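Asks: Protein chains in written order, with UniProt numbering: chain A, 1 to 215; chain B, 1 to 222.
Just so you know, the hints here were simulated from the structure itself, not pulled from any lab data. Some hints could be false.
[As the list claims (entries may be wrong)] To give a feel for the contact side, a few chain A residues facing chain B, derived at Cβ under 8 Å:
| no. | residue |
| --- | --- |
| 1 | Leu71 |
| 2 | Met78 |
| 3 | Ile163 |
| 4 | Gly165 |
| 5 | Ala179 |
[To be verified] Where chain B lies over chain A, by a calculated footprint (3+ residues, C-beta under 8 Å):
| no. | region |
| --- | --- |
| 6 | 61–68 |
| 7 | 197–205 |
[As the list claims (entries may be wrong)] Short derived list, chain A residues pointing at chain B, Cβ under 7 Å:
| no. | residue |
| --- | --- |
| 8 | Phe40 |
| 9 | Phe74 |
| 10 | Pro113 |
| 11 | Trp117 |
| 12 | Tyr187 |
| 13 | Val190 |
| 14 | Ala191 |
From a predicted model like this one, the values you see are computed outputs, not experimental measurements. Don't be surprised by glycine CBs; every beta carbon is placed ideally from N, CA and C.
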Amino acid sequence: MIEFTFWDILRNLIFATRWTLLLSIVAFGGGAVVGLLILFARISKHPWLRRFGAGYIALFQGTPLLMQLFLMFFGLPMLGFRIEPWTAAALGLTFYASAYLAEIWRGGVEALPRGQWDAGASLGLHYLQELRLVILPQAFAITRPPAVGFLVQLIKSTALTSIIGFEELLRTANAINNATFEPFTVYGLVAVIFFVLCYPLTQYARMLERRMPAH
Amino acid sequence: MGYSLDFGWLRDAAGAIAHGAAMTLLLIACTTVLGILISILGAAARRGRYSLLRKAVAIYVEVIRNTPFLVQLFFIFFGLPTIGIRLDPIVAAILAMTLNMAAYTTEIVGAGLDAVPRGQSEAALALGLRPRQVFVKIILPQALKVIFPALTSQVVIMMLESAVVSQIAVRELAHEADLLQARTFRSFETYLVVTMIYLGLSMAIRRSLVAGGRRVLGAGVS
Numbered sequence: 001m002i003e004f005t006f007w008d009i010l011r012n013l014i015f016a017t018r019w020t021l022l023l024s025i026v027a028f029g030g031g032a033v034v035g036l037l038i039l040f041a042r043i044s045k046h047p048w049l050r051r052f053g054a055g056y057i058a059l060f061q062g063t064p065l066l067m068q069l070f071l072m073f074f075g076l077p078m079l080g081f082r083i084e085p086w087t088a089a090a091l092g093l094t095f096y097a098s099a100y101l102a103e104i105w106r107g108g109v110e111a112l113p114r115g116q117w118d119a120g121a122s123l124g125l126h127y128l129q130e131l132r133l134v135i136l137p138q139a140f141a142i143t144r145p146p147a148v149g150f151l152v153q154l155i156k157s158t159a160l161t162s163i164i165g166f167e168e169l170l171r172t173a174n175a176i177n178n179a180t181f182e183p184f185t186v187y188g189l190v191a192v193i194f195f196v197l198c199y200p201l202t203q204y205a206r207m208l209e210r211r212m213p214a215h
Numbered sequence: 001m002g003y004s005l006d007f008g009w010l011r012d013a014a015g016a017i018a019h020g021a022a023m024t025l026l027l028i029a030c031t032t033v034l035g036i037l038i039s040i041l042g043a044a045a046r047r048g049r050y051s052l053l054r055k056a057v058a059i060y061v062e063v064i065r066n067t068p069f070l071v072q073l074f075f076i077f078f079g080l081p082t083i084g085i086r087l088d089p090i091v092a093a094i095l096a097m098t099l100n101m102a103a104y105t106t107e108i109v110g111a112g113l114d115a116v117p118r119g120q121s122e123a124a125l126a127l128g129l130r131p132r133q134v135f136v137k138i139i140l141p142q143a144l145k146v147i148f149p150a151l152t153s154q155v156v157i158m159m160l161e162s163a164v165v166s167q168i169a170v171r172e173l174a175h176e177a178d179l180l181q182a183r184t185f186r187s188f189e190t191y192l193v194v195t196m197i198y199l200g201l202s203m204a205i206r207r208s209l210v211a212g213g214r215r216v217l218g219a220g221v222s
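Construct the entire structure; sequences and hints are all you get.
Replies: Here it is in structure tokens:
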């Protein structure tokens, strides 16, 4: 058995946290890009595109993230791709995030008064220009609180990627726990580290919410 | 590509999958009842007279909301035995799920209580009802009506999160999937089928809660 002091445990966990952070950033960025595409489908003029967007969101919000990660991890090799846990984790969380972000932004688009579209059209803007210049900036602005709130959920969700073998904070904790048999300390510290990452964002989301003018 | 999907194993696996789904439903049923009861107490305490209690509930809500459910589960199942509290996996799962759910629903119930106009309790007090009667008979039913959609969503979210209790060997739906794929070597098909069952469960739970809520709480519940 290896001897670990409290500080050894803490140092190793803090080192592993960079992977949790990196995965969160990649998934949030990737989720924003894919989510924008899903948003376009969801609010499109074509009924079948709208249905695809709605189905995509319902699928990812109606099934466990753990199953989505397993499908990514076991499904892609079936199509002939060799996949590392890191790739499966990043792709899985990206798709998961895209569905939530698309749904949050759709709420913002639909909260805008109809007149915003009409005003854009009367200025001679075509559909994409209207979206880019008039609708989306306002929709993003009014949905900042729930988007930050979702970032907290996403950071917490990275813990699940430990199950498909991605070496982030919780997986490192499991390994340390197996070596030290100090689950109370190890998982307690993991909880503290996640709290330190998430709590400021939760407070920031609350502050944004309070500042938001009531409609 | 040389890989073809095979669902032939499903015939023999149907019993195991049904058992797992029943366990998932049992877990979420216990969690919903216990979680909502605790959160009503929590929300009342947060608006109550005792500042120490108010602070304790606030800390509990923030700690749960800002840490992953899987870490909470591991802390309870692996961590508590070191201080002498050893729990059966199912008990640990229900405890972790209930504590998690109650933190979120405490905020939801609290928002519902705030949404009931002050005049309602003033009127009830003027009619001679005692404060506890006012809370249970006048304020709470109106609050529940307002927050019913949010509570329904939280139940569905918790049901989906419950998949991770497979990691402490509770034989619910996700754990049955793990066992099946180890036996059949059909990982992708197994997880595909089980994922679709989760989708069906989440839609069924949402629909029946909405229908039940309409019947119990009256019209106006969406």
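Asks: So which of those numbered hints doesn't the model satisfy?
Replies: 4, 5, 8, 10, 11
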